[in-house]
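Please take these sequences and the hints and turn them into a complete structure.
Chains as they are written, first to last, in the numbering used here: chain A, 1 to 240; chain B, 1001 to 1240; chain C, 2001 to 2240; chain D, 3001 to 3240.
In short, the hints are calculated from the structure, not lab data. Honestly, I wouldn't trust all of these hints.
Pairs of lysine to any residue residues, derived as SDA-like cross-links and limited to a Cα-Cα distance of at most 25 angstroms, are as follows [what the hints assert, rightly or not]: (1) Lys2104/C with Asn1234/B; (2) Lys2104/C with Pro1233/B; (3) Lys3211/D with Glu1239/B; (4) Lys1060/B with Glu1040/B; (5) Lys2104/C with Pro1163/B; (6) Lys1062/B with Lys2104/C; (7) Lys2104/C with Asn1227/B; (8) Lys1104/B with Glu2084/C; (9) Lys104/A with Asp3080/D; (10) Lys104/A with Ser3081/D; (11) Lys3104/D with Asp164/A; (12) Lys3211/D with Arg3128/D; (13) Lys104/A with Glu3059/D; (14) Lys3062/D with Gln3185/D; (15) Lys3062/D with Arg110/A; (16) Lys2104/C with Ala1083/B; (17) Lys19/A with Cys3232/D; (18) Lys2211/C with Arg225/A; (19) Lys38/A with Gly21/A; (20) Lys3055/D with Thr3085/D; (21) Lys2060/C with Pro2222/C; (22) Lys3060/D with Gln3030/D; (23) Lys55/A with Asn227/A; (24) Lys3060/D with Pro1134/B; (25) Lys2062/C with Glu2077/C; (26) Lys1211/B with Pro3238/D; (27) Lys3019/D with Asp3051/D; (28) Lys211/A with Ser2223/C; (29) Lys60/A with Asp50/A; (30) Lys104/A with Leu3061/D; (31) Lys3211/D with Thr3046/D; (32) Lys104/A with Pro3236/D; (33) Lys38/A with Leu61/A.
Using C-beta positions, here's what the derived DEER-type ranges look like [said to hold, decoys possible]: (34) Asp2141/C with Gln1207/B: 53 to 63 angstroms; (35) Asp141/A with Lys2062/C: 17 to 27 angstroms; (36) Glu2239/C with Asn1037/B: 38 to 48 angstroms.
Chain A regions said to be covered by chain C (calculated; three or more residues, Cβ under 8 angstroms) [stated by the list, open to error]: (37) 132–139; (38) 175–189.
Please read these numbers as outputs of a predicted model, since none were measured by experiment. Glycine is no exception: its CB is placed at the ideal position from the N, C-alpha and C atoms.
For reference, the chains in residue letters:
Protein chains: 4
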Amino acid sequence: MIRVLIYNEFVHERESGNKAGEIYPLGIHQAIADFLNKEEDIQAETVTLDDVSEKVTAEKLKNVDVLIWWGHMRHDEVPDSVAETVMEAVLNGMGAIFLHSAHKSKPFMRLMGTSCSLIWRESDDRERIWVSAPYHPIAQDIGPYFELPADETYGEPFGIPSPDETVFIGWFSGGEVFRSGCTWQRGNGRVFYFQPGHETYPTFLNQVIQKIILNAVHWTAPSYRINNCMDCPNVPRPEK
Amino acid sequence: MIRVLIYNEFVHERESGNKAGEIYPLGIHQAIADFLNKEEDIQAETVTLDDVSEKVTAEKLKNVDVLIWWGHMRHDEVPDSVAETVMEAVLNGMGAIFLHSAHKSKPFMRLMGTSCSLIWRESDDRERIWVSAPYHPIAQDIGPYFELPADETYGEPFGIPSPDETVFIGWFSGGEVFRSGCTWQRGNGRVFYFQPGHETYPTFLNQVIQKIILNAVHWTAPSYRINNCMDCPNVPRPEK
Amino acid sequence: MIRVLIYNEFVHERESGNKAGEIYPLGIHQAIADFLNKEEDIQAETVTLDDVSEKVTAEKLKNVDVLIWWGHMRHDEVPDSVAETVMEAVLNGMGAIFLHSAHKSKPFMRLMGTSCSLIWRESDDRERIWVSAPYHPIAQDIGPYFELPADETYGEPFGIPSPDETVFIGWFSGGEVFRSGCTWQRGNGRVFYFQPGHETYPTFLNQVIQKIILNAVHWTAPSYRINNCMDCPNVPRPEK
Amino acid sequence: MIRVLIYNEFVHERESGNKAGEIYPLGIHQAIADFLNKEEDIQAETVTLDDVSEKVTAEKLKNVDVLIWWGHMRHDEVPDSVAETVMEAVLNGMGAIFLHSAHKSKPFMRLMGTSCSLIWRESDDRERIWVSAPYHPIAQDIGPYFELPADETYGEPFGIPSPDETVFIGWFSGGEVFRSGCTWQRGNGRVFYFQPGHETYPTFLNQVIQKIILNAVHWTAPSYRINNCMDCPNVPRPEK
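The structure is reproduced here in structure tokens:
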């Protein structure tokens, strides 16, 4: 059983007049939990900004295999200590999937050590996402490319460390390109960033997107975990 | 003084009725040599398929700092021994720049160890090339992106090892994306692959393209060279 | 069922007076096949220099999931075409494990594109091999390090492309260090190089070594394969 | 002129009875500044824990090309805001060199996004440091290896992201190995970590160590800088 915890800021969906609320009446987190919980080997729970300090603790993350993170306007309200806790859990072995505007979330930035900056525009650009690493477990059953009729445009340069693997590269009808799916090993944990998913589009209801997130849950789920990654043990001289 | 040797197959330009001959009457190699030789610190010479076995030898490459390679239809006529010689010269420290259809040239494939395959189409697509590593010496003075009104379309997946750095990513108006500028360290030498440059377009007369190739010559030129990269020395036990 | 094919040059073991024959009377290949065939999910077969051209063909490798390669003095007698066939099978998805002196084998060198050179000495140095990537599937159940009472010494610099992951680093009592276990993605296939295993030591009878090779078989076994990695398809303009 | 700023915690050297004070009466920072300031093209200044908040500001780092950092017992007393400022300066293009126990300094950990943990021991082990990337500018004029008669032992696993290049690998007489010199591109800046330099040994008075630090200053010094790495510009749709 893969235990997934889905964080969503859950702000846009509750703003009056925001399309996000129409598309995701129960929130992006619930939409993701719903399709993941259809899988027999996955058990997904959720957390929002309201209770992030309570539910995202070192102790609770010991029972989470994969953390999925969506945030946008309220990154700053996530306490630094929560970001630190998430980072350490990943370094201990927990998997982590960062979606769309989570590129500027505190935990992702802490794990990357870079600006995670990009260029962007909201103009209903069509996106075609190409598989650049067809062998990668995250890209299975997707085909050579797939399309989203509209999503927010993200463009290069993307301020990340050179990815271990660039699984997807996005093409936007307005002329931008973006490394839309990237992986990094960080300590004992696996990290996947995936670009689609602006709150005003039904991206997380798209079956291809759901398949990719499902693949990513399987790929980032750990087979090896420790609980003391930050220790520097003093070791005796090994005997000859 | 950086000593550059430019290899061009020089077949298309001499085919009757091929636009390549109109655009590059003296051949792509000469067009590249011409703009490089305007630089005070560069001395560029050329070689074609006709004399590749004579001019691309281990002995002669000792006096070449950077080898630039353009080939297309006659990759197979370059002897395996020449590809091996180029590979060893790079591993000893020589720089190498592979242009456009040289992705399937023998020396590039030998240095990559992969298929170097891609998808392609000739349909006069417009290409916008984005700088994804703005700090890279090869990307200096280019701006965030530049455009080519038309070139052959190359698309992902590109069968290369994960690049050390992805300097450029290309966007094509027909819907493809491509890692258009990539670098790899190979032994003591630096390798740069650059995608634009189909023979029926005046790509190598474009000033931005020329600037990038010039930057790449400076970046790949070696500061360290050896002449025995293939040796495995038997070493005595170091004294304590 | 993971189908493994083990190549061993099988020269030293049949040389009169060579210790290799005492340690591995049926050859290194058979010693490896023996412990792998104890696993329920593995079916290992063997091939030697004598029949390499017959058994290592594109057609036969379609039914091999993981190829293990040990060679030493007769690398040159393996036909170039066999090396090419192995390389393409890996790029299509087959896993490959290269042991010890196979660092200079033709298939490994083709996949790396580098010299694969190193320094070496036969002086019965003790080796302590450290796990530098404890999370890696190949390093499971090994502990922080293990020791070999004696093996041939290999030392840096090792002429390889920067590994995707450096799983093991070896320490030799004579003063050398070596990246003893390294992985690379090449096309759709996974490659693992592992340094221990000189023919005059019973290294492949060591249970830790056997566990690592077993781990590596599981890790390199493909979940995705194609059969046309070298193709560059011409693609129509995708419809909007 | 390369403007270098050297941070040293400057605690051990002022502790009564600590050998550090005998070896570096004016502090490690001053010892490093002294040999760097002999170079015509370098101008080195210093800062200690006492004035780090005053001298390590975003404004002042605009006039620093390379920051060198040594810290040990008082990492926690460096304000988070200073670590953040250093990280952003690197992402904007400033070079950074982290020495020895700075592996657990806040700025280095922020740039890596990992634990930076290791194993260690103080037992006067002899260290032999091998050059594993002989072509690298940081390794020039060092030879295949050099030795330190004694330094603190650091051992794998080292909790870092896979380095872009592993320039040095250390061998310790007590049986450990360590990736002693590693580089990473982070945003527009270059980062170098170098393992030797425990405060109770005269490591920074060693001429080979000085040469390596000098090489690293030249290599990390930026040719490209920006001042707004954290921005995500909203961009208009490019005109066709």
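**Report entry** Given pair status - Pro1163/B, Lys2104/C, alpha carbons within 25 angstroms
**Finding:** OK: Lys2104/C and Pro1163/B at ~24 angstroms, within 25 angstroms.
**Report entry** Lys3062/D paired with Gln3185/D [C-alpha distance capped at 25 angstroms]
**Finding:** At roughly 19 angstroms apart (the allowed maximum being 25 angstroms), Gln3185/D and Lys3062/D satisfy the hint.
Query - 25 angstroms Cα cutoff - pair Lys1060/B, Glu1040/B - result: Between Lys1060/B and Glu1040/B the Cα gap is close to 22 angstroms, so the pair holds against 25 angstroms.
Query raised in the report: Is the Cα-Cα distance between Lys1062/B and Lys2104/C 25 angstroms or less?
Result: 24 angstroms, holds
Query raised in the report: Does the structure keep Lys2104/C and Asn1234/B at a Cα separation of 25 angstroms or less?
Result: 15 angstroms, holds
Query raised in the report: For the pair supplied as a hint, Lys3104/D and Asp164/A, is the alpha-carbon distance within the 25 angstroms limit?
Result: Roughly 24 angstroms separates the two Cα atoms, so the pair holds.
Query raised in the report: Quick one, are Lys2062/C and Glu2077/C close enough, alpha carbons at most 25 angstroms?
Result: 23 angstroms, holds
**Report entry** Holds or violated: Lys211/A to Ser2223/C, with C-alpha atoms at most 25 angstroms apart
**Finding:** 17 angstroms, holds
Query raised in the report: Would you say the region 132–139 of chain A counts as covered by chain C, given the rule of at least 3 residues with C-beta under 8 angstroms?
Result: holds (count 3)
**Report entry** Pair hint outcome, Lys3019/D versus Asp3051/D [Cα-Cα no greater than 25 angstroms]
**Finding:** Roughly 24 angstroms between the alpha carbons, so the hint for Lys3019/D and Asp3051/D holds.
**Report entry** Restraint status (C-alpha distance of Lys3055/D to Thr3085/D at most 25 angstroms)
**Finding:** The given pair, whose Cα atoms are some 11 angstroms apart, holds under the 25 angstroms limit.
Query raised in the report: Holds or violated: are the alpha carbons of Lys104/A and Pro3236/D at most 25 angstroms from each other?
Result: 21 angstroms, holds
Going through the hint list in order, the structure satisfies each hint without exception.
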